[in-house]
Each structure stands twice: as structure tokens, then as C-alpha cells.
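Please work from the sequences and hints to get the whole structure.
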Amino acid sequence: MVSAPTAFTLVTATEPHRVRTRQIIKAHPEVKQLMTRNPVTFLIGLGCVLAQVGLAYFLRDKAWYWTLPVAYLVGAFFSHTLFVVIHEAAHNLVFKGLWKNVATGILANFPSVFPTAISFKNFHIKHHVFQGVHELDADLPDWYEAKLIRNYSVGKAIWLFFFPVFQVIRTARCREVATIDKYVAANIVAQIAFDVAIVYFFGWTALLYLFLSFWFSVGLHPLGARWIQEHYLTLSPEQETYSYYGRLNGINMNVGYHNEHHDMPSIPWNNLPKLKSVAPEFYEPLLAHTSYTRLFFRFLFDQEISLYSRIMRKERGTATLKDQSVPDKELLSA
618 MVSAPTAFTL VTATEPHRVR TRQIIKAHPE VKQLMTRNPV TFLIGLGCVL AQVGLAYFLR
678 DKAWYWTLPV AYLVGAFFSH TLFVVIHEAA HNLVFKGLWK NVATGILANF PSVFPTAISF
738 KNFHIKHHVF QGVHELDADL PDWYEAKLIR NYSVGKAIWL FFFPVFQVIR TARCREVATI
798 DKYVAANIVA QIAFDVAIVY FFGWTALLYL FLSFWFSVGL HPLGARWIQE HYLTLSPEQE
858 TYSYYGRLNG INMNVGYHNE HHDMPSIPWN NLPKLKSVAP EFYEPLLAHT SYTRLFFRFL
918 FDQEISLYSR IMRKERGTAT LKDQSVPDKE LLSA
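Each residue of the sequence shown is one higher than the one before, counting from 618 in my numbering.
It should be emphasised that the hints constitute simulated quantities derived from the structure, not laboratory data.
Bear in mind the structure is a predicted one, so any value in this text is a computation, not a measurement.
Even for Gly, the Cβ is constructed at its ideal location relative to N, Cα and C.
One thing to keep in mind: the hints can contain errors.
So the derived label-pair ranges between C-beta atoms look like this [what the hints assert, rightly or not]:
| no. | residue 1 | residue 2 | range |
| --- | --- | --- | --- |
| 1 | R639 | I786 | 31 to 37 Å |
| 2 | A810 | K643 | 44 to 50 Å |
| 3 | F779 | L663 | 26 to 32 Å |
| 4 | L663 | A774 | 30 to 36 Å |
| 5 | A644 | A810 | 48 to 54 Å |
| 6 | T631 | A951 | 16 to 22 Å |
| 7 | S853 | I797 | 37 to 43 Å |
| 8 | G934 | F779 | 31 to 37 Å |
| 9 | T907 | V691 | 21 to 27 Å |
| 10 | W683 | L938 | 42 to 48 Å |
| 11 | R639 | D678 | 56 to 62 Å |
| 12 | S620 | Q856 | 18 to 24 Å |
| 13 | A951 | W821 | 53 to 59 Å |
| 14 | G772 | T907 | 25 to 31 Å |
What follows is the structure, encoded as C-alpha cells:
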């Protein structure tokens, strides 16, 4: 029987994606045609915001406990899709102008109650550039998280439930990443105004529904398996990133195509399946997940998986803090 890891897997190799980016571009220079922007993403985000506000309005006069099932069974899916919209805006894949993408992220952030869209962008770009580097990649668990939770089922359930809190605490260790700028300030002001308006016009129950939708969408919910799917060593002790090819990609804007996204971060969500089709020799051999629900329960109850089931590296390579993670576009331009 294989025991759960009790330390992160330390490697000296660079993160795998930029190497594969070069290989794909050399073999398939036509992928440049997939590097577009998709304004439809804004419309999807707007639709989800309106749906969440509409459900909040519907629940405004209901007993507070009605917010629980509606948020878990319906709102979490809208909220998770909005998180994908925020992610697309973070990579400037919605519009050409920076401010338009910032505005898209801020709009998609509204139903999440907390102003996180632009801060997420700042830290997420560093996750791409410095994947697995503890002091720069906020996606990697803290030492204390892994030591505290280990491979215990109850502990992993608690960890998933409070995942947003752990995620915020992690950012404190990334001291080299800018935390406050004018875009973050705009996000905070706009979010406070939205929250106040929801309470003023609809009441506290409506705000509770929005909060719970956000909380469930990134935590103790099958959708929360996405955080395990992306980089936890669940299928192999060597493969660092995993894609998900399941039905939820249809409503979550292909969020599961994670290897494809890391390899080609300049390609919007709608073209990621096309990338896999264009370069099957690079993706078919990779292990992948097909069910979030199966992964969710496996993570909770498989004692061989712990929070240490991640690859960590100390070497930063030649990347700089100013790197905006567009290696695919830079290589094709060169």
C-alpha cells in the first residue's frame, strides 16, 4: 500500500508548459489563428450576473434557510461560471483594451460579494509564470495547510469548506506580488456599492444567497474538485497539470482544459478544444479527469492523497516579475 506524501515533491526541472508551448508552435504554427479575443464572454458574464440578481430578488422575502439549497444546487454553478469569466478577463481574452477587461472582471465579480477579481488577476498571472514556486505561486498550499490537514478525510472536507479563507491567507506569503493598485481600488469601490445596493433594495437574505453561491462554488461542492483537478498529483506522481474532459465544461466555459490553457494562455476558452484537436499528439498521451464528482469524493476519502500531493520548485528560471505570461504570443511574434 502506498502511503500519502508527507512533503511536497521538490523538483529541479522547470515548469512543463513553456517547453510544450515551444514544441506545439514549432509543430503547429497555425495555432496562431486560435489566439483571438471573445467578447461573447462579456455577454455570458452579464447573463450570469442578471440571473444571480434575479434569484437574489426572488429569495428576498423567503426564510433564510431557502438560500442554502438554491445556492448549492443552482447559484454555485452561476458563480463558478462567473469565476471563469473573471479568469478570461485576467488574461485579457475578452476585449483588446485593458480597461475593458478590467471592467468585465469587476462586473463578473459583483455576485461574489467580495472584491477579488483584480487581486486574483495579479496573483494568477504569477501562478502561470512561477508554477510551484512557493513564495510566488498562491495556488500552492502553505506549509501549515499541508501539515495541518494531511490526508485526513474530515480535515480535507473542512479545508474545502474554508477554501476561500485559505486562499486569501496564502497571498500574504507572496510579498513580491503587487497587492494594491488603481484597478484593485476600483474593484473594491464598485463591489461595496453593489453590495450596499443589494441590501438596500432586496435585503440581507438576498446578500446571503449571493455569498453562499460564491462560497459553495469554490469549496465543499463537486465544482470545488476543480482546484484538485488542476495540479494535485492524483493520477501520476510526475504529471504536474491535469485537464478535465467532462460534461461540466459545457456550462463552465471549458474550464477543464487546463493543460491547454497553461500551454497557450493567449487562447480564449472557446478555442481550447480546438487546440487539443489541432495538436492531439501533445494531449492524448496525458492523463486527464472525466468526472468532478468522482474526483471530489476520491480526494476526500483516498488516504493516499494529501495536501502535500503537489510539485514544488525553488528555481524561478529566467522569468521576471514583470512577465505577463504570454509565451505563446511572444514566440509567434518572434
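Handout entry: Hint check for A774 and L663 - Cβ pair distance inside 30 to 36 Å
Key = 34 Å, holds
Practice task
Given the hint of 44 to 50 Å, check if A810 and K643 actually sit that far apart at their C-beta atoms.
Solution key: 49 Å, holds
Exercise for the section: Using the beta carbons of T631 and A951, state whether their distance is inside 16 to 22 Å or not. Expected result: Taking Cβ atoms as reference, T631 and A951 lie about 19 Å apart, which means the hint holds.
Handout entry: Hint check for I786 and R639 - Cβ pair distance inside 31 to 37 Å
Key = The hint (31 to 37 Å, Cβ to Cβ) holds, given that R639 and I786 are roughly 36 Å apart.
Practice task
May I ask you to test the hint 31 to 37 Å on the CB atoms belonging to G934 and F779?
Solution key: 33 Å, holds
Problem - Range agreement (Cβ of L663 with Cβ of F779, hint 26 to 32 Å) - result: 30 Å, holds
Handout entry: Hint check for V691 and T907 - Cβ pair distance inside 21 to 27 Å
Key = Roughly 24 Å apart at Cβ, these two residues keep to the hinted range, so it holds.
Problem - Range hint compliance [Cβ, S620 to Q856, 18 to 24 Å] - result: 20 Å, holds
Practice task
Using the beta carbons of R639 and D678, state whether their distance is inside 56 to 62 Å or not.
Solution key: 58 Å, holds
Exercise for the section: Could you say whether the range 48 to 54 Å given as a hint is met by the Cβ separation of A644 and A810? Expected result: 49 Å, holds
Problem - Range hint compliance [Cβ, S853 to I797, 37 to 43 Å] - result: Hint holds: Cβ distance 39 Å, inside 37 to 43 Å.
Exercise for the section: State, for the Cβ atoms of A951 and W821, whether the hinted interval 53 to 59 Å holds or is violated. Expected result: Distance hint for A951, W821 holds at roughly 55 Å.
In summary, this structure violates none of the numbered hints.
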